[in-house]
Amino acid sequence: MAKVTLTVNGRTVSGECEERTLLVHFIREKLGLTGTHVGCDTSQCGACVVHMDGHSVKSCSILAVQASGSTVTTIEGLAGQGELHPVQAAFKEHHGLQCGFCTPGMVMTAVDMINRHGGNLDEATVRAELEGNICRCTGYHNIVKAVLAADAEMSAGRQAAE
Amino acid sequence: MGIEGIGARVTRKEDKRFLTGKGRYTDDMVVPGMKYAYFIRSPHAHARILSIDTAAAQAMPGVIGILDGKQLLADGIGNLICGWMIHSKDGSPMKMGAWRPLAADTVRYVGDAVAIVVADTLGEARDAAEAVVVDYQPLDAVVEAVDALKDGAPQLHPEAANNLIFDWQIGDASSTDKAIAEAAHVTTIEIHNNRLAPNPMEPRATLGIYDGAEDHFTCYTTSQNPHVARLVMSAFYNVAPENKLRVIAPDVGGGFGSKIFIYPEEVVCLWASKKTGVPVKWTSDRTEAFLTDAHGRDHVSQVKMAFDADNRITALKVDTVANLGAYMSLFSSSVPTYLYATLLSGQYAIPAIHANVRTVYTNTAPVDAYRGAGRPEATFLLERTVETAARELGVSPAELRRINFIREFPHQTPVIMNYDAGDYEASLNAAMAAADWNGFAARKAEAAGRGKKRGIGMSCYIEACGIAPSAAVGSLGAGVGLWESAEVRVNAVGTVEVLTGSHSHGQGHETTFAQLVAERLGVPIDNVNIVHGDTDKVQMGMGTYGSRSGAVGMSAIVKALDKVEAKAKKIAAHLMEADESDIVLENGELKVAGTDKALPWFQVALAAYTAHNLPSGMEPGLKEGAFYDPSNFTFPAGCYIAEVEIDPDTGTTDIVQFVAADDFGNIINPMIVEGQVHGGIAQGIGQALLEGVHYDENGQLLTASFMDYAMPRADDLPSFKLSHQNTPCPGNPLGIKGCGEAGAIGSPPALINAITDAIGTNALTMPATPQKVWKALQSAH
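Protein chains in written order, with numbering that gives the first Met the number 0: chain H, 0 to 161; chain L, 0 to 780.
Accuracy of the hints is not assured; some may be wrong.
Said to hold, decoys possible - Below, a list of computed lysine-lysine pairs in the BS3-like style, where the Cα atoms sit at most 25 Å apart:
(1) L/LYS21 <-> H/LYS91
(2) L/LYS12 <-> H/LYS144
(3) L/LYS273 <-> L/LYS69
(4) L/LYS273 <-> L/LYS303
What the hints contain is simulated information worked out from the structure, not anything from laboratory work.
All chains, full assembly: derive it from the sequences and hints.
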């Protein structure tokens, strides 16, 4: 067994787990944060995307022990209690989700995408960047709309702040 | 329509929990003492089980129990069954072979479950499973249905000689043959419909909990129809009587048909929980999903379509072989028969139709309903044939369709269906305008200048939804009725709970069903809760599939609302000393028509529960239930157009535009309907260009992960242009036809018609991968 200590959604947490435990299983089973999902076994679907030290990672492709000492944000920690992050709000406004299973990973990927491209996203870029997140419900049409709308809104917000 | 009523584009009530990670799916469930299951599955497509040695595994860390098929048999757990009886044309019943939840002596496909290991952790269960020694004697396997029918093919089930399950027909063979013999032109074509893996993003999962004190079972499961699961597990699988079995389908991450069926794992985990004394949870990994979720499609058909000298279709003859895999899944027999051949008239007036369907066992995963279920197969066959005929006859594909459209309703087809309403030309015209069909020649020339081959193709689909009239399907062999139930509970403060037998797994019922209540009672949708998916809460229901939740599920709610409204009006009339017939319910108030007397909704609800001043003899309370059994199927229809550019050097297809023009009848929430169409089109494009389940000749699944099976990604798809040309459905109170499957039904032939138009050769099978398109191009030139 290994001891893992990391900061998740602003709280320092520790837990014991088998050395082979993946970060996603640590998050889901040891921390009870079940918003991060597992949709495949080959790091293709992206349902498990979280942010680790500020970057999006597939939490199925990293061991919990490798994440020890890092700072992780999951879908539960993206916005304050009862609030929606602008990307979450855009997914709701533009019907970018149906069954909701891929949604946490989609949102975490989209936030990272917008952080990296800030204000310069277009449809082709969004579609290319979403290549590692699979959705079976929406045909991506409204996800793409939601990401572009969130990008525009967040970029307008940044400009207003400057 | 109010701002939240019928027709309003309101955002979804359920979104916040999904967006914030608060959705609760089966794998998220944790109960005290819960342990983990891992299934030992056959690595062979066909083999005898000689022995199972668990001695070493039993001693491994964390192991609680290892159970096999012989123990399951000894405990009297029944075989999995197909619930729709089909008779062959010689009158004999379909030949259903035994499907044991855990194979006891023979395995028939790779992934067939053999034993279950229950351990403290999933890792320990998996480790122990590796230490279980199953001694198999491999047998010859057969994968393709056409091969399985041949003399000398490996035999799967003793009940089914030559692996033939049934040899069924519909329509009139002699008039069809006569029309073909007398035709001015006959188009002949072989149609392949590729096998698909449904792949909802949430893998199947189940949590079986046995309470020894109460002798009671609880089953959490990823189901589209938990009540059907309870019924089947009680009545046929001998798990427990219905009053001792609670089935809960919480948030479910997509289904697309694959979560209709009751699979071995639900049955085995419930049984294993009783055997081991601990709650047992199993969650499929993605490879298990590819191996064991029921696949879809897999037809090979020979088609003849006859035309007179005026290019009117005079007959259609179809001979289909459908692969049902190793066992008959729950509704597998209905898919290639009554959900398929009954739609072969399409949008066209065809005087004579005959279809023959043979269903066949093979050493592959069971095949059952997948989004569209039979209707995509019918539409692909018909629309590829009509397109081919247009090319052979030298007429435009639009014109050939136009002159054959059904224009008067109701229309009785030669294959059972009675179409109630539609306007096929309206969808065709709208799609052609949206796609700028007339400007295509210029775009093709421009693309040619860039070295690209541009093509355009259309598809005019019809489907039968709102399944289904119970007596009608009963007469066709269904083992269940296909009505729906609803209960409307008005609380004392006027808020509302609606209990429904429909099940939402992405469709947004919590919003659209609440919109119906808002429309009728004037209550804000935030004051309406939709309750579904739990057999302890909702008494009975038939679940969600076949685009039935709107047309059937909401119609049941309408019936219950009618009763609630009638009682509320009686109370209001009594309180306001008015005549009941003068009371109207408007904007959340019960008013006396023509006066300024009114009572707010909540006050009438409160009066129903205080019961201080009710009409003489009236029971307190405001709660009504209803069952709704539809009188007919509904018939959504539309026209889809795809325009593609092919790179002749690589065979790559770029979808440059995709247009959908649909007639869904009345629409509750356009935003949600559009979302359903987007998703359906994506799955149809997946079938046409990307997806295909492939087994090797020994029955090993070659496409068992997302690295080997091409799911549509965002960068494979364009944005879609949608429009609606709605003719209300006369058959149900809301005029709804249903929209869940249309996209997957209408899009594949539009794509293949476009690609074959671009490359100038008609010989192309799905999925039209770059390699296949490139090869077709080479053979064409």
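These are the hints, each one checked on the structure:
no. : hint                  : in the structure
1   : L/LYS21 <-> H/LYS91   : holds, 15 Å
2   : L/LYS12 <-> H/LYS144  : holds, 20 Å
3   : L/LYS273 <-> L/LYS69  : holds, 16 Å
4   : L/LYS273 <-> L/LYS303 : violated, 56 Å
Of the numbered hints given earlier, the model fails hint 4 alone.
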